[in-house]
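*Asks:* For reference, the chains in residue letters:
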Amino acid sequence: AQSVTQLDSHVSVSEGTPVLLRCNYSSSYSPSLFWYVQHPNKGLQLLLKYTSAATLVKGINGFEAEFKKSETSFHLTKPSAHMSDAAEYFCVVSQGSNDYKLSFGAGTTVTVRA
Amino acid sequence: NAGVMQNPRHLVRRRGQEARLRCSPMKGHSHVYWYRQLPEEGLKFMVYLQKENIIDESGMPKERFSAEFPKEGPSILRIQQVVRGDSAAYFCASSPLTGEGDEQFFGPGTRLTVL
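From first to last, the protein sequence lines are chains A and B. Numbering-wise, the first sequence is residues 1 to 114 according to our numbering. Numbering-wise, the second sequence is residues 1 to 115 according to our numbering.
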């Protein structure tokens with residue numbers, strides 16, 4: 001079975017400083033990994049996706065994530081936070097051969113201080 | 001191209017009533033997925049449907065829950081005789097014809113409150 005652990009339920013950063021959201025996964029197969037963002041009252045939007053190509057994945061809005069198999073991690077980073085980055089972020093793993101079945105972490109809420 | 005549409009956005013039901021949640025996939029998408037998000041938890045897979053077919057309902061509770069995706073019209077998630085534990089956000093997602101491995105595009109969710 002696949003599972004995802006997001007290590008921080010809340011992260012607070014100052015505008016212009018780096019953002020780090022931590023995610024560890026477990027998977028019996030070669031996983032596909034995703035980060036989704038959810039702004040209040042909006043649907044989830046895909047930030048980036050890893051599917052066994054380059055281990056450093058670049059996404060939208062300046063976000064990127066690095067797949068580290070040895071550490072079973074897929075941490076999300078952004079060098080400089082913007083006020084519009086305040087949202088909830090979900091790390092997601094797909095379940096191998098049934099890869100339509102996404103498994104979500106519990107989410108990390110990001111607040112950005114002016 | 002409009003995104004995935006869900007309605008209603010908020011739904012209040014009393015215990016024992018029925019809840020019907022609707023999902024219109026993105027234009028050209030024939031695969032629909034339903035997920036449930038309980039408070040303080042991540043989304044959990046419920047069911048995967050293609051037009052007129054249930055492909056995988058392994059995440060659906062055995063009783064009171066059903067889903068359909070008819071040839072015409074939106075996908076419907078139906079909860080009969082709701083209980084307080086059904087209070088959650090229900091998200092629908094859709095993907096294009098090729099299905100597996102494609103990005104899933106999510107709707108804004110329906111927030112169900114059972115009184």
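No lab work stands behind these hints, which were simulated from the structure alone. Positions of the beta carbon are idealized from the N, C-alpha and C atoms, including for glycine. It cannot be assumed that every hint is accurate.
Unchecked claim - Far from chain B, some chain A residues (derived; all Cβ distances over 10 angstroms): (1) V13; (2) N41; (3) G43; (4) S80; (5) H82; (6) S84.
Stated by the list, open to error - Lysine to aspartate or glutamate pairs mimicking DMTMM-like chemistry, simulated, CA-CA at most 20 angstroms apart: (7) K42(A) <-> E57(B); (8) K101(A) <-> E103(B); (9) K68(A) <-> D8(A); (10) K44(B) <-> E68(B); (11) K51(B) <-> E103(B); (12) K101(A) <-> E41(B); (13) K49(A) <-> E15(A); (14) K44(B) <-> E88(A); (15) K101(A) <-> E68(B); (16) K44(B) <-> E57(B); (17) K101(A) <-> D56(B); (18) K44(B) <-> E103(B); (19) K49(A) <-> E64(A); (20) K49(A) <-> E103(B); (21) K44(B) <-> D99(A); (22) K42(A) <-> E41(B); (23) K69(A) <-> E88(A); (24) K58(A) <-> E103(B); (25) K101(A) <-> E57(B); (26) K42(A) <-> E103(B).
*Asks:* Now tell me if each hint is right for this structure.
*Replies:* Here is how each hint holds up against the structure:
Listed as outside the interface, V13(A) is consistent with that label: its C-beta sits roughly 22 angstroms from the nearest C-beta of chain B, beyond the 10 angstroms cut-off. Not every CB of chain B is more than 10 angstroms from the CB of N41(A) (nearest about 6 angstroms), against its label as outside the interface. Listed as a non-interface residue, G43(A) fails to keep its Cβ farther than 10 angstroms from every Cβ of chain B; the least gap is roughly 4 angstroms. S80(A), annotated as away from the interface, keeps every beta carbon of chain B farther than 10 angstroms; the closest lies near 26 angstroms.
At roughly 22 angstroms, the least C-beta separation between H82(A) and chain B is larger than 10 angstroms, which holds for a residue marked as non-interface. For S84(A), the condition that its CB be more than 10 angstroms from all CB atoms of chain B holds, with the nearest at approximately 18 angstroms. For the given pair, K42(A) sits about 26 angstroms from E57(B) by alpha-carbon distance, which is inconsistent with the 20 angstroms threshold. As the CA atoms of K101(A) and E103(B) are separated by approximately 11 angstroms, the hinted pair is consistent with the 20 angstroms bound.
Under the criterion of a C-alpha separation no larger than 20 angstroms, the hint pairing K68(A) with D8(A) is consistent with the structure, at around 18 angstroms. At most 20 angstroms may separate the alpha-carbon atoms for a hinted pair to count; K44(B) and E68(B) meet this at roughly 18 angstroms. With a C-alpha separation of about 18 angstroms, the suggested pairing of K51(B) with E103(B) holds against the 20 angstroms cut-off. At roughly 17 angstroms between alpha-carbon atoms, K101(A) and E41(B) fall within 20 angstroms of each other, so this suggested pair holds.
Taken as a hint, the K49(A) and E15(A) pair is broken in the structure, with Cα atoms around 25 angstroms apart against an allowance of 20 angstroms. At most 20 angstroms may separate the alpha-carbon atoms for a hinted pair to count; K44(B) and E88(A) meet this at roughly 16 angstroms. Restraint check for K101(A) and E68(B): satisfied, since their Cα atoms lie roughly 18 angstroms apart, inside the 20 angstroms limit. A hinted pair counts as satisfied when its Cα atoms are at most 20 angstroms apart, and K44(B) with E57(B) qualifies at roughly 12 angstroms.
Straight-line distance between C-alpha atoms of K101(A) and D56(B) comes to about 9 angstroms, which keeps the hinted pair within the 20 angstroms bound. Between K44(B) and E103(B) the alpha-carbon distance is near 17 angstroms, which keeps this suggested pair within the 20 angstroms criterion. Distance restraint check for K49(A) and E64(A): the Cα-Cα separation of roughly 10 angstroms lies within the 20 angstroms cut-off, and the hinted pair is therefore satisfied. Annotation: proposed proximity of K49(A) to E103(B) holds, straight-line Cα distance about 9 angstroms (limit 20 angstroms).
For the hint linking K44(B) to D99(A), the alpha-carbon distance of about 14 angstroms falls within 20 angstroms, and the restraint holds. The straight-line distance between the Cα atoms of K42(A) and E41(B) is roughly 17 angstroms, inside the 20 angstroms bound, and the hint therefore holds. With a C-alpha separation of about 25 angstroms, the suggested pairing of K69(A) with E88(A) is violated against the 20 angstroms cut-off. The suggested pairing of K58(A) with E103(B) holds, with an alpha-carbon distance near 16 angstroms, which does not exceed 20 angstroms.
A C-alpha spacing of about 11 angstroms is found between K101(A) and E57(B), which places the hinted pair at or below 20 angstroms, so the restraint holds. Distance check on the hinted pair: K42(A) and E103(B) sit about 17 angstroms apart at the alpha-carbon level, within 20 angstroms; holds.
Going down the numbered hints, you'll see the structure goes against 2, 3, 7, 13, 23, while the others check out.
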